[in-house]
Amino acid sequence: GQQLNQSPQSMFIQEGEDVSMNCTSSSIFNTWLWYKQDPGEGPVLLIALYKAGELTSNGRLTAQFGITRKDSFLNISASIPSDVGIYFCAGPRMDSSYKLIFGSGTRLLVRP
Amino acid sequence: EPEVTQTPSHQVTQMGQEVILRCVPISNHLYFYWYRQILGQKVEFLVSFYNNEISEKSEIFDDQFSVERPDGSNFTLKIRSTKLEDSAMYFCASSEFGAYGYTFGSGTRLTVV
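Here the protein sequences come in this chain order: R and B.
If you're matching positions, the first sequence starts at 1 in the working numbering and goes up one per residue.
If you're matching positions, the second sequence starts at 1 in the working numbering and goes up one per residue.
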């Protein structure tokens with residue numbers, strides 16, 4: 001079935017550094033969603049991508065929908081301590097526009 | 001900003017007991033979902049609900065689970081006879097259409113003892 005592979009699994013960076021994480025699949029996705037999850041909270045939508053090649057920014061966050069529709073990346077520029085959390089990519093299954101498949105997440109830790 | 005509201009935030013229950021988790025989706029959304037996240041693992045789809053009926057469900061969503069929209073605003077998940085392995089965070093979500101506007105609540109942590 002469709003799976004999303006995220007890398008890296010975790011990152012420990014210095015405040016102010018830029019961060020890049022990505023998500024790949026062996027199958028095509030028509031939508032890519034990037035969520036952040038804080039401890040004990042639900043996933044919060046950061047960026048939604050609906051078109052292959054699309055590059056979208058939300059403040060210090062930038063995400064791109066890969067041309068092949070099999071990958072996406074998320075960049076965070078000038079990281080700050082509140083960026084700490086788990087970042088998930090997600091997308092709807094090809095046989096369903098309703099249910100999301102989630103990647104296994106990238107855990108980000110920021111050293112002040 | 002509109003949000004999905006879930007109650008309670010934490011529920012502890014004895015094994016074998018019934019629990020009902022409650023959600024108020026975003027008011028103009030048409031699609032409602034329940035997801036589950038076992039500690040340290042990825043978020044997994046349980047069920048989707050549209051037009052007052054289940055539209056899809058996963059293999060996790062067996063006969064012990066049911067969903068209901070008892071009125072115009074609430075959306076509930078019932079687990080009939082809880083098992084230890086039902087312990088997890090349960091997230092409600094709603095969307096305008098398909099993947100558009102897909103918003104999650106802050107979750108209910110269910111602990112079965």
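Quick caveat, the hints were computed from the structure, so don't treat them as lab data.
There's no promise every hint is true.
Keeping only pairs whose Cα atoms sit at most 30 Å apart, straight-line, the calculated DSSO-like set for lysine-lysine is [to be verified]:
no. : chain 1 : residue 1 : chain 2 : residue 2
1   : B       : K57       : R       : K51
2   : B       : K78       : B       : K57
3   : R       : K51       : R       : K70
4   : R       : K51       : B       : K83
5   : R       : K70       : B       : K57
6   : B       : K57       : B       : K42
7   : B       : K78       : R       : K70
8   : B       : K83       : B       : K42
9   : B       : K57       : B       : K83
10  : B       : K78       : B       : K42
Quick caveat, the model's predicted, so the values are computed rather than measured.
Hints versus structure:
no. : hint          : in the structure
1   : B:K57 x R:K51 : 27 Å, holds
2   : B:K78 x B:K57 : 14 Å, holds
3   : R:K51 x R:K70 : 12 Å, holds
4   : R:K51 x B:K83 : 42 Å, violated
5   : R:K70 x B:K57 : 25 Å, holds
6   : B:K57 x B:K42 : 17 Å, holds
7   : B:K78 x R:K70 : 36 Å, violated
8   : B:K83 x B:K42 : 20 Å, holds
9   : B:K57 x B:K83 : 19 Å, holds
10  : B:K78 x B:K42 : 22 Å, holds
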